[in-house]
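Chains as they are written, first to last, in the working numbering: chain A, 411 to 1079; chain B, 411 to 1079.
Worth flagging that the hints you see were computed from the coordinates, not collected in a lab.
Some clues are possibly wrong.
It does not matter which identical chain is meant; a pair holds if it fits inside one copy or across any two.
[Stated by the list, open to error] Okay, derived cross-link-like pairs now, SDA-like style, lysine to any residue, Cα gap no bigger than 25 angstroms in a straight line: (1) 689 <-> 765; (2) 893 <-> 817; (3) 587 <-> 670; (4) 587 <-> 692; (5) 587 <-> 459; (6) 992 <-> 896; (7) 564 <-> 741; (8) 587 <-> 744; (9) 564 <-> 744; (10) 587 <-> 464; (11) 713 <-> 817; (12) 469 <-> 863; (13) 653 <-> 896; (14) 564 <-> 1015; (15) 472 <-> 1065; (16) 587 <-> 684; (17) 564 <-> 1022; (18) 564 <-> 817.
Protein chains: 2
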Amino acid sequence: MKCTVTFEPDNVAIRVDRGANLLEVGLAAGVHVNASCGGQGVCGKCRVIIETGDVEGEKTEKVSQEEYDQGWRQACKTFVFSDCTVQIPVESRGLRRLVAAKLDMGRADRKIVALKTRPLAEGWQFDPITFKAHVQLSPPTLGDNVSDLTRLLKGLKQQHGIENVSTDIRCLQTMPKLFRSSDWSVTATLMAAPEPETISSVQGGFPAINLVRLEPGDTSGKNLAVVIDIGTTTVCAELLDLKTGAVMAESAEYNSQAEYGEDVITRIVYAQRPEGKEKLQSLVVSSINQVIDELLEQTGSQKKDISFMAAAGNTTMTHLLLGLETRHIRETPYVPVANFMPLVWASDIGIDVPDCVRLYSFPLVASYVGGDIVSGILGSGVFQKEELTLYVDIGTNGEIVLGNRDWLACAACSMGPAFEGGGIKHGMRADLGAIEGFNINPVTLEPMLVTVGRRRPQGICGSGLISILAELLSACVIDRNGKFVRDLSSERIRPGRFGYEYVVAWAGDSGAGRDIEITEVDIENLIRAKGALFAGCLTLLESMSLSFDALDRIIIAGAFGRYINIEKAKRIGLLPDIPAEKFHFLGNGSLLGSRLVCLSGQMLHEAEGIATMMTNIELSDNPAFMDKYMGALFLPHTDARLFPDVSEYLEANSRMILSGRIPKYDSVL
Amino acid sequence: MKCTVTFEPDNVAIRVDRGANLLEVGLAAGVHVNASCGGQGVCGKCRVIIETGDVEGEKTEKVSQEEYDQGWRQACKTFVFSDCTVQIPVESRGLRRLVAAKLDMGRADRKIVALKTRPLAEGWQFDPITFKAHVQLSPPTLGDNVSDLTRLLKGLKQQHGIENVSTDIRCLQTMPKLFRSSDWSVTATLMAAPEPETISSVQGGFPAINLVRLEPGDTSGKNLAVVIDIGTTTVCAELLDLKTGAVMAESAEYNSQAEYGEDVITRIVYAQRPEGKEKLQSLVVSSINQVIDELLEQTGSQKKDISFMAAAGNTTMTHLLLGLETRHIRETPYVPVANFMPLVWASDIGIDVPDCVRLYSFPLVASYVGGDIVSGILGSGVFQKEELTLYVDIGTNGEIVLGNRDWLACAACSMGPAFEGGGIKHGMRADLGAIEGFNINPVTLEPMLVTVGRRRPQGICGSGLISILAELLSACVIDRNGKFVRDLSSERIRPGRFGYEYVVAWAGDSGAGRDIEITEVDIENLIRAKGALFAGCLTLLESMSLSFDALDRIIIAGAFGRYINIEKAKRIGLLPDIPAEKFHFLGNGSLLGSRLVCLSGQMLHEAEGIATMMTNIELSDNPAFMDKYMGALFLPHTDARLFPDVSEYLEANSRMILSGRIPKYDSVL
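All chains, full assembly: derive it from the sequences and hints.
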């Protein structure tokens, strides 16, 4: 259910989900509402008046009973439940938005609902990789004393039409006792993938179905799969109901490997130490076990009902999970051990699931384009569509895929950890208290902060960094080189140990007990990171003799993309300057694809096909890339023709601000 | 090379292999030469005169120099190397053979050469299950930085035309180091069976070839397989060269499980004890490891060159090897866990071979018709031929297969261990010193003994028991019920603790330091055993509405059949009374079939097909079988029409002996 929220006096409207937080709605609409505490309700600056409509919000200390009755609320404590009109009083707002015309309703809408992602791949049949069949067998007699296995296979054929079933020794070892203790009522878990650890019992044909588990009684109602995205930083997982295809729960934990290095390079270095590889394998496995436990606990499910796992990770994570050598991923010429991984027994590598569970690892493309990307391309359906798509996954490495149903090319560029908070003075992950939304009043230079969970600010996460950089740029606080303009009269701008800095949150408002600043050094790091990604995209396009204009759409994948503000990302030159409606958010594309391979045998084969089809363009030691990288170390870019709309906006903004800043600033005070 | 040996004055000729032992030749020809010490040369009774021809034989103490120069030799110490004529002097021989007309040259010939068995299955292509391919890869560069696996797969395709190769995690774990330490010159071992532990890396198709091992350099010249016959008593093995198909060595050891029971029933009982199953598995594995070590030592081969194993055993042995529950094999209604066994990693069950080695276990038919029988049917080619064949494997269980290329039926009957020496006072296995050949002088009742290895007699093995029973019967020492005729004047016949008995060897001649007798109780046990086998054959035939006349051939399989005397086995009713030329010896049929599955993928599928095709006729609780069994407890059978030739022979013999025994006996003395 959607509601339209109209902010006055700016007359800016936005459609949002019912129940949305009003401060976040304002941020998404591009309306400035002063807010210093991130949304926790303690600064009391974000007071608004609800003129019409249905909202929920308790009376707070910052609002008197009389005011409350008149419609005054703290925006950060208010949630909208119908179309409504919200007046921003003069003391809460900054000036009227300077360039309101640029607001893109579609984008804002999309941003708010970005959580609701779904597989975009189409045309797949529900055909889970493992399925269950209950059979009631008749006990053996002297007149019918075929082996237990033969009896089972007959039952599967007669009662379910299932043929060509192979088995494995583990099933046979438990079979006789199980049949006899369950009155010959048993449930077989079958796996539809090519799975013979056996020679066919059927003349001439190889089994297409493998018996992986037997359980007493009828357990056919319970069949679960776990899909895992093995990130360098975070291990995310979903519990799937293979009977319905539904996602029952989600869970995420930090990858425990992180204590041996933030990025893949330091992990690879650690893995070269004696027992290093084994240690890192056991650490990621412990994280996987933890998320599985959480999934089960959330849903009250039982571990024994899990029958399959699919995992996608970057090349290094996939290698470490399977115990493979990683050193050649790091050393030139950057060679992984394998692109296609065999199915393994999950319990063989230490994952605490039943013996029968097989783990599918997504195929890799190259040392820096891994299974998470293949999975994302699968989940997003890029490989099926005629439209030319640029798929971008932003992280320590930026991974980029270009193509459509006819061809796919990819590249990876090293962005460094800046957009994940690494190497940034107050950088942090998108945990509670991380500043993720930021507007600036271009006259007062006062901020509007929204934090994750609307807690007091602790630091700044990736989407916050993009917003801050973009807002400082459009408010002419920093110049196109990312340097602070030195003559601004705001106490928030000051010289610091790392060059000039802007105080995003004062110690009094912050949850960190000290000022939270963004420094010139931080900004340099961010420019290098965005420059690498943009140069990567440009190099990939040019290697196919294409330009950004040719793109039908850009898909932003990854948790990072979830809260990113496209306009602001374009403004700093992180994303190309193409119409906002061409941008799509995928969420965790890796999980989407993993889900699909569990639910459709055809999709599993598509995944293999995608990895085979994808051409990797090597950017390291690529002179074209280096040229483009140097050109991208500017906000948004040295070549204004690449960013026509952004350049025009920044010019217009800059003219207005430089002509009128001081008087307006005074008038507000 | 063959020679013809003619014995005078009987004028009996036989074709034998060059180098054959003269005493054994006489035994095979049905000529009686007194011999009490089994062939060791100590009794000095088997002196003969070489009239013409080339023999080798040292002078012995029992022959003077003058006699030696005249051609006198001890038969047991003499070997023939050309056609020759041998005179049996009056003191060495018994009487002239009474019924010489019955001698079958073909049979005798075949008996002597029975060792030279070969697969009788035809029309198979040499297409070993594992094969090696050496590839020289080019090292990766930035311009060609595909994964190590992809590089290998490209090499296999370009250099050998091998495609659709899947892999497993173990290969990937060693791959990077191996490639780089071997200058990218490596040898891949590939397995042609359906082996994906992986999802295909090839769109649309499943891999038919699995990469199982990588080795540095070019090792493609060395590729070995081990085939194993897992007998209840003995574990036999052969080392195969998969490059040529040649058998490089043979080896055999007792099955170490024997200390926990002689037969499968006691093993099953033991397996039901705590850890009993695991103990028995580790014992048979230790025997397997021993025979493998012997095979390698004999040939100077290296364990690392082994790439595949195939094993055949009866149902219990196969279950115990793979760690499967056996109790239901023993308990009515006699149900095995499975008929078709998955391939397992040999090292997973404790076999000390390289990690990559897979073990194929022959499929089973029923609780008492196992993989050794399926393997024998494969090796003998019964499943390919139009001729109606009865395949008989004699052991503690008699296993019988009837059929041809269109159909196969089988049955198993419990014979007990009598023919393996169990439950027989002086019974023993066919070890050194076991009496395996026996003739009797029907007048003097003096024996002609030949032992295994021509050592002093230690006891009596299966073929000896058949001979003794048959000879006592035709000499009218025992009657058709197996009871001793009480009025015979020979000191060799005497009452004993177990009824009357015949002294086969006096203490002075024996290696056991005491008399070796056969008792009436022994004979009862033997009659029960042979009765069970014969009744089984008859029941199986009748269940198919056939009689013995319909048989085109009978194949005698197993080590036991190797030295069996067909005429004598027919005489006691163990084998049916059909023409001797219809009998064929297969030797260890189980090893023959196992060899074939290693050398031909097609034969591996045939093995599965044979087990699927074979109908088991249950004999336990089968009234038709019980009737026939009761009728068979007679020598040769209560129904003389079933044994027309044997009956006629025994009648004629009996008439001659009863009419003339005493005078002739006296005349010799």
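- Message: Need the list of violated hint numbers for this structure, in ascending order.
- Response: Checked against the structure, the hints that fail are numbers 2, 5, 6, 10, 11, 13, 15, while the rest are satisfied.
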